[in-house]
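Listed below, chain by chain, are the residues.
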Amino acid sequence: MSPVLAGVLQLLALIAALALAYRPLGDYMARVYSSKKHLRAEKWIYKAIGADPDSEMRWTAYLRGLLAFSAAGVLFLYLLQRLQGALPGSLGFKSIDPDQAFNTAASFVANTNWQSYSGEQAMGHVVQTAGLAVQNFVSAAVGIAVAVALVRGFAPSRTGELGNFWADLVRGVVRVLLPISVLGALVLVACGVLQNFSGIHEVGQFLGGTQQWNGGAIATQEVIKLLGTNGGGYFNANSAHPFENPTPFSNLFEIFLILVIPFALTRTFGRMVGSIRQGYAILATMATIWLGFTALMMWTEFHHGGPAFDLAGGAMEGKETRFGIGGSSIFAVATTLTSTGAVNSFHSSYTGFGGGIQMLGMQLGEIAPGGVGSGLYGMLVMAIIAVFIAGLMVGRTPEYLGKKIGTREIKLAACYILVTPALVLGFTAVSMALSTPKDSMLNSGAHGFSEILYAYTSGANNNGSAFGGLSADTDWFNTTIGLAMLLGRFLPMVFVLALAGSLAEQTPVPKTAGTLRTEKPLFTGLLAGTIMIITGLTYFPALALGPLAEGLAS
Amino acid sequence: MNNSVGNTARLLGAGLRALLVLTVICGVLYPLTVTGVAQTLFHAKANGSEITSDGKVVGSELIAQRYDLPLEKGQTTPTPDLRWFQPRPSNGLGENSVNTQYKLLLSGATNLSGANKDLIKQVRDAKAAIIKDNSTATHRLTPSDVPADAVTSSGSGLDPHISPAYADLQVHRVAERNHVSVARVQKLVDENTDGRSLGFMGEPRVNVLRLNIALRELTTRDGDGS
Chain A
96 MSPVLAGVLQ LLALIAALAL AYRPLGDYMA RVYSSKKHLR AEKWIYKAIG
146 ADPDSEMRWT AYLRGLLAFS AAGVLFLYLL QRLQGALPGS LGFKSIDPDQ
196 AFNTAASFVA NTNWQSYSGE QAMGHVVQTA GLAVQNFVSA AVGIAVAVAL
246 VRGFAPSRTG ELGNFWADLV RGVVRVLLPI SVLGALVLVA CGVLQNFSGI
296 HEVGQFLGGT QQWNGGAIAT QEVIKLLGTN GGGYFNANSA HPFENPTPFS
346 NLFEIFLILV IPFALTRTFG RMVGSIRQGY AILATMATIW LGFTALMMWT
396 EFHHGGPAFD LAGGAMEGKE TRFGIGGSSI FAVATTLTST GAVNSFHSSY
446 TGFGGGIQML GMQLGEIAPG GVGSGLYGML VMAIIAVFIA GLMVGRTPEY
496 LGKKIGTREI KLAACYILVT PALVLGFTAV SMALSTPKDS MLNSGAHGFS
546 EILYAYTSGA NNNGSAFGGL SADTDWFNTT IGLAMLLGRF LPMVFVLALA
596 GSLAEQTPVP KTAGTLRTEK PLFTGLLAGT IMIITGLTYF PALALGPLAE
646 GLAS
Chain B
38 MNNSVGNTAR LLGAGLRALL VLTVICGVLY PLTVTGVAQT LFHAKANGSE
88 ITSDGKVVGS ELIAQRYDLP LEKGQTTPTP DLRWFQPRPS NGLGENSVNT
138 QYKLLLSGAT NLSGANKDLI KQVRDAKAAI IKDNSTATHR LTPSDVPADA
188 VTSSGSGLDP HISPAYADLQ VHRVAERNHV SVARVQKLVD ENTDGRSLGF
238 MGEPRVNVLR LNIALRELTT RDGDGS
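Note that the protein sequences, when read in sequence, are chains A and B.
Take 96 as the starting number for the first sequence in the numbering used here and just add one per residue.
Take 38 as the starting number for the second sequence in the numbering used here and just add one per residue.
Don't read these hints as lab results, they were simulated from the structure.
Note that CB positions come from ideal geometry on N, CA and C, so glycine has one too.
A couple of the hints might just be wrong.
Claimed, not checked - Not everything, but these chain B residues come out facing chain A in the computed CB check (under 8 Å):
#, residue
1, 76
2, 77
3, 152
4, 198
5, 246
Said to hold, decoys possible - Computed list of chain B residues with no C-beta within reach of chain A, every gap over 12 Å:
#, residue
6, 47
7, 87
8, 102
9, 111
10, 114
11, 120
12, 170
13, 174
14, 177
15, 199
16, 209
17, 215
18, 216
19, 227
20, 253
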C-alpha cells in the first residue's frame, strides 16, 4: 500500500469515527445546556461558589461573570508559576520569570497554550497538573458557554436573557469534558502514554549509562489538551513526543479528540434553535473547508518542494516515522483549523506551501470546525456577515434564524472580525520595524518573516502552535504575544455576547417567500465563499511575503 | 462608585472560589483517580514501557537511544558504533537551560525550513556518511538508496523507529561488523518490522532498540557456541 493511500484511508477512518459520534454527542450537549435539573455534585459546587444557577443573566451580567472568572484564572496561574520554586512537588524546577509567567498564564486562560518554555525543563508536577491542566478544562468550558449563550440569543424569545454563566461553566466541565477525559486518558495510557507521579529518575540504556526521565500526569493532561482544543504539551516536543503520542492509533485518536466537540456542537446548535438542518448547513461549510485544506496539505507534503527535502527524498524533517507524511498532515490541519495548536510534527519544517496552509487555517478565524465553542460562535458571526451580504445583493433587510440583522448586529459582527487581523498585522508590522525582535528568527528571508507572522497569527487566534524556530522567550515576544492572546480571546467574546444580547431582545419575524433559506446548500456555498474572500483579502499581502514567496521559490 | 467597586470585588471572589473548586476536581481528584486506575490496569505502559534485556532495564521501547563509541579525549561529537543499527539523526535537541540540577532527556526538533542552508548541509553530510559507512566490499550504495528518514531529524528527536528501508540498508554493514551472515541479520530486521496498524494506520517501521537487543542475543549466543 502506498503512503498516499494509507493517508487517505486514515482520513476516511477519522471521518467515520466523527460521523458516529456526531449525533449522540451533539444531542447530549443540547440536553446538558437546556436541562433545568442540577446534579447533586453541581449543587454542592454552586454552593461553594455562592452562585444561584437558576437566575437568568442578561449579556452584561454573563460577560462580567466570565471576565471575573478568567481574571481569577490569570492571577492564580501567574502566582503558581512565580511560587513554583517554593512549592513541594516541583522536582527542583525554579520559579518562572515574570514576563514568561504572564505569557503562560495569559496563554492557558485564553485557550491558546502558546508556550515560550519547554515543558520538561521548566514546569513541575504542581504547575502542570493543578495549574495548566485545570485551565485546559475551564477555558474550554468558557468557550462552549459563550457559543451556547449566542445560540440562546437566536432562540424565539424576547427576554434578553442568555442563561447562567456559572451553570454553563460547571456543566461543561462536569458533564461534557470530564467524562470524555477519563475514558480518553485510559485509552491513551493503554497505548503507552505515561501516567504516574514519579520524580525524575534514571533508566538504564543499551550501551550502558543512563537517561533521566521525568514522569507526570501526562495522559490526563494530554486528553484534555486535545479535547478542549488547548494544545499545550507536557513536553517540549508536544504530541510528537513518544510519551505523549506513542502509536499510529493514538495519533488518530488524538486527532479525533481535537475535532469531535467542535463538529458535534453544530448538532447542538441545530437542536437548540429547533432546526437540525440549520446545524447541517453550518457543519457542511466547516467540513468542506477542513477536507479541502487536508487534501491540499497532503498534496504539498507528499510533493515535498524545497531544496533540503528534494535532497533527502521526502519532507520527513520534523516528522516521526510512525506517523509518516499522511498522519502528520492530517494532524497539522486539524490543529490549525481548530484553536488547538498541539503538534505531532514541526510546522516550521513543513514545505513553504504547507506552512501557508497552516497559517491560513488559523487566519480564517479557526472556524472549520474551530475551537470548542469558539469555532461555532466564529462561524455564526460569519453566517451573519454572509446573510448581510446576500441581503445587500437583493436589497432586503437581512435576517438569520428569524432574527433581523440590523445596524447594531452588523456593527458588532464587523468589530468581531476586525479584532484578530488588527492584532496580527499590527504586531507583526511593529516587530519587523523594530531592530531587536528580528534577532529571534532562526531562519532568514521569507521563512524568517513567516516565523513572526505565524507567532502573532497563532497568538491572536488562540491557536498556540509555532514555527518553533523563533526564540520567543524574550521580554518583547512574551509581552506582546501575551497581550495578543488575551485581546484576541476576550474582545471577540465581548462582541459575541453583546450580539447575543441584542438578538435575544428581538421578537422573531415570520418566515416569508423572500427569506433566505439558510439551511440550503446555496447558503453553505455563500458562507464558505464569504469566509475565503474576507480572510483572503485581509491576509493575502502578508502571506505573499512569507509562505507564498517561499513556496514559489522552491 | 463604592457600590461598583464592591460588586467587582464580590464577582472576583466568586470567580476565585469557582476556580478553586474546579481545581480540586480537575487538578487533584481527576488525575489521582485516573493514575490509580492506570497504575492498576496498565502498570508497565503508565510507567514508560521499559524494556529489559538479560534482566536489566535497557531503556524504553518508545524512546530512541544513541549507539555511539565512547568519546575520545577532546572529542565533542561522538562517532556512531557501527556494530549496532543506528537511529535517525537528532540535530534539534536544545541544552537544558533551566533545571541545572538534572541532565534530563530533552525533546525537540531542528525547526529548520526546506530552504535553510544548515539543513541542506545536514542532509548532504548525513547522506554521504551513510553511504560511506554502509558500503562494504561486496555491497555498494548509491545516494538514491538512502531513504528520507535516515537523513532527517524527527519532531521529538526521540523517534524510536526507522523505516524498513533504512534498516535494510544497514544490514550488510551490521553483518560484516558482527561477523554473522547477511541472511541472519536480514531475518532479524524482518522479524522486528511492524506493519501499519490494522493495515492502514501510520507507516511500516522498525524499533531500533528491540532490533539491537535481538542482534546482541544473536551474537552472544553465537559467541558462546564457538
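Outcome of the hint check:
no.	hint	verdict
1	76	holds (7 Å)
2	77	violated (11 Å)
3	152	holds (6 Å)
4	198	holds (4 Å)
5	246	holds (6 Å)
6	47	violated (9 Å)
7	87	violated (7 Å)
8	102	violated (5 Å)
9	111	holds (20 Å)
10	114	holds (17 Å)
11	120	violated (10 Å)
12	170	holds (17 Å)
13	174	holds (26 Å)
14	177	holds (18 Å)
15	199	violated (6 Å)
16	209	holds (20 Å)
17	215	holds (14 Å)
18	216	holds (19 Å)
19	227	holds (17 Å)
20	253	violated (8 Å)
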